[in-house]
Amino acid sequence: MSAQDRRLPQGGEVDRSTPMRFRFDDRDYQGLAGDTLASALLANDVRLVGRSFKYHRPRGIFSAGPEEPNALVELRTGARIEPNTRATTIELYDGLEAASQHRWPSLRWDVGEVNNLVSDFLPAGFYYKTFMGWPGWMFWEHFIRKAAGMGRGTLDPDPDSYDKMNAHCDVLVIGGGPAGLSAALVAGRSGARVILVEETDGFGGRLRGERETIDDKPARHWVASTLAELDGMGDVTLLRRTTAFGRYDGNVVAALERRADHLAEPPEHISRQRLWTIRARRIVLAAGGIERHIAFADNDRPGVMLAGAARTYLNRFAVQVGKIATVFANNDDGYRTALDLAAGGVEINAIVDPREHGGTWRQKAETAGIDVFAGAVVSRAHGRLGLVGVDVRDASGKNRFLASDLLAVSGGWNPNVHLTCHLGAKPVWDNALATFLPGDTGPDMRVAGSARGLAGLGTCITDGYAQARAALDDLGYSKSALPDVPVTDEPQEEPVQALWQVPGKGMRFVDYQDDVKVSDIALANREGYQSVEHLKRYTTLGMGTDQGKTANVIGLAVLAEERGLPIDKVGTTTFRPPYTPVTFGAFVGRETGLHYQPLRRSAMHDWHVANGATFVNAGHWLRPQYYLRDGESDVKADIDRAITREVTETRGGGGIVDVSTLGKIDLQGPDTAELLNRLYINGWKTLAVGKARYGLMLREDGHVWDDGTTSRLGENHYFMTTTTANAGPVMSHIEYALQVLWPDLDVKAVSVTEHWAAMAIAGPKSREALAAVLDDVDVSNDALPFMGVVECTLAGIPARVFRISFSGELAYEINVAADCGEAAWEHVMRTGAPLGILPYGTEAMGIMRIEKGHVAGPELDGRTTPADLGLGRMVSSKKPFLGAPMLTREGLTDTDRPSLVGLVPVDGKSRPRAGAVLIADPKAVPPVDKLGHVTSSAYLSPNLDHPIALGLLEGGMAREGETVWAAFPLRDEMIEVRVTGPVFLDPDGERMHG
Amino acid sequence: MSEYSVLRLIANTITGHANWRRAWRDPEPRKSYDVIIVGGGGHGLATAFYLAKNHRVGSIAVLEKGWLGGGNTGRNTTIVRSNYMLEGHAHFYEKSLQLWEQLSRELNYNVMFSQRGVLNLGHSDAQMDGFARRGNSMRLNGIDAELLDRDQVRRRIPYLDFSDSARFPIYGGILQPRGGTARHDAVAWGLARGADRLGVDIIQNCEVTGFKTQGNQITAIETTRGEIGCGKVGFAVAGNTTQLTSKLGLKMPIESHVLQAFVTEPVKPLIDSVVTFGASHFYISQSDKGGLVLGGDLDFYNSYAQRGNMPTIEHVMAAGQAMIPGLSRMRILRHWGGVMDMSMDGSPIIGTSPIDNLYLNCGWCYGGFKATPGSGWVFAHTIANGEPHPINAKLTLDRFERGKLIDEGGKGPFPGHH
Amino acid sequence: MAETRTLPPRRSALVSALKPGTFGTLGSDGPGSDGPGVTLSERHPMSVVQVEGRIGQEAALGDALETAIGIHPADGFNRVSGDEDGPRILWVGPCRWYVAEPESRDLYGALRPAMGKFGGATVDLSSGRTVFRLSGHDARRVLAKGCSLDTHSSTFGPGACGQTGLFHVSVLIACVDEAPTYEIYAARGYALSLWESLVDASMEYGLRVD
Amino acid sequence: MIIIDCPYCGPRDHAEFTYVGDAARTRPAEDASQATWFDYVYLRDNPRGPHLEYWQHSSGCRAMVKVLRDTSSHRVLACGLPADQLEAEQLEAGHLEAGQ
Ligand SMILES: Cc1cc2nc3c(=O)[nH]c(=O)nc-3n(C[C@H](O)[C@H](O)[C@H](O)COP(=O)(O)OP(=O)(O)OC[C@H]3O[C@@H](n4cnc5c(N)ncnc54)[C@H](O)[C@@H]3O)c2cc1C
Ligand SMILES: NC(=O)c1ccc[n+]([C@@H]2O[C@H](COP(=O)([O-])OP(=O)(O)OC[C@H]3O[C@@H](n4cnc5c(N)ncnc54)[C@H](O)[C@@H]3O)[C@@H](O)[C@H]2O)c1
Ligand SMILES: Cc1cc2nc3c(=O)[nH]c(=O)nc-3n(C[C@H](O)[C@H](O)[C@H](O)COP(=O)(O)O)c2cc1C
Ligand SMILES: [Zn+2]
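Taken in sequence, the protein lines are chains A, B, C and D.
Quick note, the first sequence lines up with residues 1 to 994 if you use the working numbering.
Quick note, the second sequence lines up with residues 1 to 418 if you use the working numbering.
Quick note, the third sequence lines up with residues 1 to 210 if you use the working numbering.
Quick note, the fourth sequence lines up with residues 1 to 100 if you use the working numbering.
Honestly, I wouldn't trust all of these hints.
To be verified - If the Cβ cut is set under 10 Å, some of the chain C residues that face chain D in the computed set are:
1. V92
2. L149
3. G162
4. G165
What the hints assert, rightly or not - Derived pair list, reagent style EDC-like, types lysine to aspartate or glutamate, alpha-carbon separation capped at 20 Å:
5. K212/B to E222/B
6. K117/C to D746/A
7. K691/A to E674/A
8. K879/A to E30/D
9. K251/B to D398/B
10. K268/B to D25/A
11. K930/A to D144/B
12. K251/B to E700/A
13. K394/B to D894/A
14. K364/A to E347/A
15. K146/A to D288/B
16. K505/A to E562/A
17. K53/B to E3/B
18. K65/B to E533/A
19. K65/B to D568/A
20. K411/B to D22/D
21. K569/A to E28/B
22. K212/B to D34/B
23. K930/A to D868/A
24. K404/B to D896/A
25. K398/A to D371/A
26. K691/A to E791/A
27. K404/B to E700/A
Said to hold, decoys possible - Estimated spans, in silico, between C-beta atoms of each pair:
28. S165/B to A343/A: 54 to 60 Å
29. P102/C to G78/A: 47 to 53 Å
30. R16/A to G35/C: 35 to 41 Å
31. A24/D to R56/B: 43 to 49 Å
32. S124/B to E826/A: 28 to 34 Å
33. G375/A to S2/B: 38 to 44 Å
34. K569/A to D398/B: 42 to 48 Å
35. D5/D to Q57/C: 24 to 30 Å
36. Q57/C to Q34/D: 36 to 42 Å
37. R156/B to G95/A: 36 to 42 Å
Hints listed in this document are in silico derivations from the structure and should not be mistaken for laboratory results.
Note that this is a predicted model, so its numbers are computed, not measured.
Glycine included, C-beta positions come from ideal geometry on N, C-alpha and C.
Only chain A is shown next, with the shape it has when bound in the complex (with noise of 0.2 Å):
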């Protein structure tokens, strides 16, 4: 394990107390609490962490947070891996490891590195010139794409959980620098809900990086302080380690909490992030400022960093990211880092400032005898595995070398506009700043501190105070005392003078991450790719996962350069969510697994599943499929048994079904009739009480849509049913029908299908049987007819009895209160069992239905009319309703449209799939003309020992007789088929009827 050189004795935000062990790529080394795997890194002088995308060029740690471009490690191994994770934000905890990423076979010796030399073939967009001809882009992609990516992801099952919290408030900060927490304190002390989100693990900001006073004791004191004020507010809460990502429509912001990433594993029951959806009423937004760099020759050896960055180091870390360290910034807050590295024992070569001036910071600089080269750049960076020295030149165009294994370079700050930009608006470019602004945030959105361009410090303090209380205001909260302003000491700046790039040979990254140069915005400039969006696009500027935080401004910048044109001519590319990338995990919370969407089970679920139930989806339900008794399992053969064994056995004896799903729709009020009378295609005028109707609802464009029966069980009082998938749909409409069109009429309608449990009973037995379920009821034919409705009981349970049938068979549906649902199935079965009644499932229902030749889903398939499905007789001329008007058109009744037939193998034997096209001469090669589709198939029909099909086929009833080709060309299956009609059992309906 080797030592901490960098470390200092003392000082920072580290606990010396607690040491980390860890790992990076094959060596151990040792932290401390507090650490970032960044700083712990540079603590024992490793330098090379990464390297770049395209030229795989040695890259070290160059920031100390978000906006890190090239520390991207693979942290975590296995099922945990986490690829591009940026060393900066990676709190250390014990046992930690982490590798660096694309790089074969090792970080120091990589082969990639090649296409360093080869750079000058591979400059932007290379690809889009070449890979045309032979052997093929798909050859050359295969090579391609292994050299892209960065690094290793795993689709294997992450072993943590992710959650969600929603929230809602007054004022949301976000940012915990100084200018947020002072904003939080107006908020909270008014007495409003307050959210305060801060992305790192702690508040303070840029404080925690600086050695500021606030009232004359270290900056710390006053964080402490205020903190300690929010935390016993009862409506403020703050989030650590909780990045504000988006911002929404509604004023929504969205926010990543990671409640485990600092720590091995999460703890039991603790998710590892979560989701926080938080409602605010007015947004402050106090994210800071992220510093820029400015592009000279090779400013990508490891050892050049943001100055603001290697001040954070020091200060927070307590980390000597350098021993010789020269200092290059065209802005004042480059002398601060200056100063503190001297003060913490770095030799200082000399600032470099291209700027000719002598304001306050220059004087304390040279007070403390650090040399300022005036009007000068740095034009060179040397070292290929970390800094040796960088090329100064002088305002009269001199060169000297300067040894140094640090350059500290500040190209000036740019306010962090992200968030304020999600909803559309553009930030504005402010000349005398040389930076973007925040653009029209719109009322419910405040920016405070440098996040808006203000510097110092009791500055972004008081700007924190002003913009709460201009929220509080807007919310009426009353007017109370701002908190006193804190003394600090500032001395005056002078203004920062935009400097992009410094002309010179050799490569000028702009943005590291990409490896996209000040030659490759040129080139792309040159090719006409002018607009700054072509220009991202074309030489991905920004598109790393850093999105361009430190490299968007000075890219277009030299944009504007090349055009010629002003910086705010060029505008900037769009900022989207997230600020920093988020997790699938987190966006989807709980919902995984079986939880993915909720399930719906049926009142009888727990005896279907007793009674070896294979269950289907249907939408969000579970329906047993069918039936496996013991010793069958789930193979085809047993599969095919057990359905038709429910199939014979229903048709000849009784079999009882599960048909809660079906959606149920009470209707109440005396305009019922009006309502079923404009919803259907047929007539309910003359329905009497006690009695049901099957009926066909269209769309409003004349398709037929949904498909059930209405039952009339009172004078004003109406039972309807709808298919499964459309229960959902069809109560809306009636919803809006009633409120929207028709609000005269009066009707209430209730959707009840989670009350009643349904069953259905059928066979030839189920007379019987119902007889003997039904407390002393008269189910004889005259007393109970086709299409009739008793209200009774059933073991003392309420029931109502429908003598309706789908499987064309003798049948009764039951419903129960879904409470009493097992209990009455079990009396059923129980009484039942004599006369052979078996429950039987959705396979064997739609066997039995297609017998009958009863349409169902895939005949209703949102292109069909009511002719299409030989329903032509049920559209009534009498009145208008729903679809009618558009049901005429030439498109609909088309005389070549492809209408309902039954179909059987020729043979005998040969299954028509579904899905198998209909065609005319198997022959035929490609194109073949279509004549329709076999809809519905019953592998095996058990009561005529065949398979039979349902197809929808041109010409329809007038080819019975005919054969046609089931086509099924994707398992070379051609099968002749003879047109039938669709009625294939019972089509006189005697067994309905009996």
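Dock chains B, C and D with the ligands against the given chain A, drawing on the hints supplied.
Just chains B, C and D with the ligands, lined up with the frame of chain A:
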């Protein structure tokens, strides 16, 4: 010449890439053009390209309000396939796929058309029957399709959820091996360069704001860069179609809806084909750069905002993870939206219009990227000849009135549902 | 008044899942606490009857309810009247309420004639709704994991109710007391799925199932 | 999240609602001409800007809420019941320009 090739790339290396020419010119608009295409997306550019290449129509301009490819062409999930069932458009999409297969060479621009296969998963017998019908129709039309059972799917893509806790178990799938993806931006740029080389004026930052008409003719187009006279006019403005037609008093069977798309951080190859979930809308593939590109359903409300909202994002991710549980730790890098021209039967409209010299190309819903070359090819034919080519003859505007719908999903006149 | 009928025994949708006991991380309330943050139970059997009139008939309907069961609907939308042990009336829509009580009589039978007088509709939903009871100082957090209703005590105290989605299941939530305690009405078919989600969401706070 | 102010339930996430669609259309009389019906069923104004639309509070009170929403910004300008004249009110209040 500015032909692209490896050799030229090497040659240009020596001169520091200083001699590459503009991929397309930046001309000032002329006083008038014989044909004006409005919309510089893939469809508009392809139309101009094929007009110039295959037809003699005189001068051609493409007017684009922003930057080329900045509409849906630049923001889609890039899936290319021709797995359609209904006669009204199956042959059209297949023609388009055939054009894709030669597009890079035809344009001398690598559009990275990658025929990695498109696999749709099925989660019920009924869905598999539907796939069968689609696949059989395709095969009978001479289009490639394969029906896979659960085990075959598993062998191809083992990381799908084959566990007992899959909420919607996988029954099988339908595969179109020739389907795949293409580099969307390159399509726009390659077509622009191709059209430009054939003399088409591509005019960016030129928004069409109005029309001058005489009788039943458009005589001139008003733009932010002045008025431009026109012979024939073609609209290819996707989600903005009704913005233009309303200026001509034409009401359209179209609503504009938002569809979102997502890309993850780049990773080494994980997912080798295009896979779609059958229990809910979700599709995923991996870009050549390494990002997983994914999308799902609409946000289900009319929108021109090019962005969507959280509930849909959460649905999309949940569907993705239901399909591939191991996506859990992958991170979404960026998400955005596009404005879809949702038609009333889910199929496009390419053809003539009630205005004599106006031609319409719209209603692509979220499937128009795959149609890009085919659309340009038939639209060019339609404009040049004043009547449709046989393969787009059924994609007319009047089919709604006549009831000759091409409703692949059977969803009816609910544009948000297609 | 109402005809008395013997009520058949009823089976809860949760019988296979509801196992009393304590689960998860107890003592999450910080040092010194070792209790569960939430308790969860089912109220069963419950009578739940929906009554509905036409908009404008609110007053007549209210009076009829008062006569039938002794309480009047609360003024305003999304409010509850009555109390947890007796009948209560919960607003569920324009001129539409649930009348609910622990089952002790034929509530539906009692309400029907009263509604019938002015053409109001009465619909028995007793079996169609499973009623959960969620209580404890972490109850709000558990709800917040799956639902977007603002349940802050200032806006959703005792007497408030609201309909929303909870773990993607449509529910009616009523605040019963300041503990806080919530009563949650969900479609029976989804009850087990919702129960599992609530249990899962409660584990980190410690859960007692009664 | 679009926040829709249900006249009964107050402001709620749009996720609680089901989008029903264009509320500017009125269903023609049953005996209206084919062309009128065609227009109603198939044609839309599809404006960019304020759009009158129905959202059903489907996870809530099930009311059909009429919403005036800007389709270019997703801003909700007004909410009401089907009988309310939202556009007119907005015009009066000066929130909309005439002719939009
Ligand atoms: C998220 C998403 C995912 C998608 N996924 C797929 C997919 O996987 N596969 C697939 O096949 N399809 C997909 N699509 C659909 C596909 O992107 C589009 O159908 C297709 O790109 C449309 O191309 P276009 O050229 O017609 O339109 P666009 O590319 O949108 O071009 C229209 C152009 O017209 C311009 N314009 C508009 N108004 C004016 C005016 N007044 N004056 C001048 N110019 C104007 C616009 O700026 C735009 O550039 C997806 C779409 C989206 C949004
Ligand atoms: N921007 C500059 O020009 C600049 C330069 C150097 C120093 N400073 C100093 O920095 C301080 C600025 O104070 P401030 O409060 O405005 O900013 P800050 O940088 O101190 O604090 C911003 C905080 O917001 C957090 N944050 C950023 N985005 C976030 C998100 N999306 N979600 C959650 N948290 C997020 C950051 O982690 C950080 O803690 C002052 O002391 C100022 O003098 C500013
Ligand atoms: C297929 C595809 C792949 C993409 N890959 C990336 C990517 O790797 N990095 C990135 O930042 N954006 C990527 N994007 C998204 C674009 O940056 C951009 O968001 C999208 O084109 C929409 O444009 P807009 O966000 O500027 O409106 C990709 C987009 C598409 C369509
Ligand atoms: Zn409501």
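Hint check results:
no. : hint                         : result
1   : V92                          : holds (7 Å)
2   : L149                         : holds (8 Å)
3   : G162                         : holds (6 Å)
4   : G165                         : holds (4 Å)
5   : K212/B to E222/B             : holds (7 Å)
6   : K117/C to D746/A             : holds (15 Å)
7   : K691/A to E674/A             : holds (17 Å)
8   : K879/A to E30/D              : holds (9 Å)
9   : K251/B to D398/B             : holds (12 Å)
10  : K268/B to D25/A              : holds (18 Å)
11  : K930/A to D144/B             : holds (17 Å)
12  : K251/B to E700/A             : holds (19 Å)
13  : K394/B to D894/A             : holds (15 Å)
14  : K364/A to E347/A             : holds (16 Å)
15  : K146/A to D288/B             : holds (9 Å)
16  : K505/A to E562/A             : holds (17 Å)
17  : K53/B to E3/B                : holds (17 Å)
18  : K65/B to E533/A              : holds (14 Å)
19  : K65/B to D568/A              : holds (19 Å)
20  : K411/B to D22/D              : holds (17 Å)
21  : K569/A to E28/B              : holds (19 Å)
22  : K212/B to D34/B              : holds (15 Å)
23  : K930/A to D868/A             : holds (17 Å)
24  : K404/B to D896/A             : holds (12 Å)
25  : K398/A to D371/A             : holds (17 Å)
26  : K691/A to E791/A             : holds (11 Å)
27  : K404/B to E700/A             : holds (15 Å)
28  : S165/B to A343/A: 54 to 60 Å : holds (59 Å)
29  : P102/C to G78/A: 47 to 53 Å  : holds (52 Å)
30  : R16/A to G35/C: 35 to 41 Å   : holds (38 Å)
31  : A24/D to R56/B: 43 to 49 Å   : holds (45 Å)
32  : S124/B to E826/A: 28 to 34 Å : holds (29 Å)
33  : G375/A to S2/B: 38 to 44 Å   : holds (42 Å)
34  : K569/A to D398/B: 42 to 48 Å : holds (46 Å)
35  : D5/D to Q57/C: 24 to 30 Å    : holds (25 Å)
36  : Q57/C to Q34/D: 36 to 42 Å   : holds (40 Å)
37  : R156/B to G95/A: 36 to 42 Å  : holds (38 Å)
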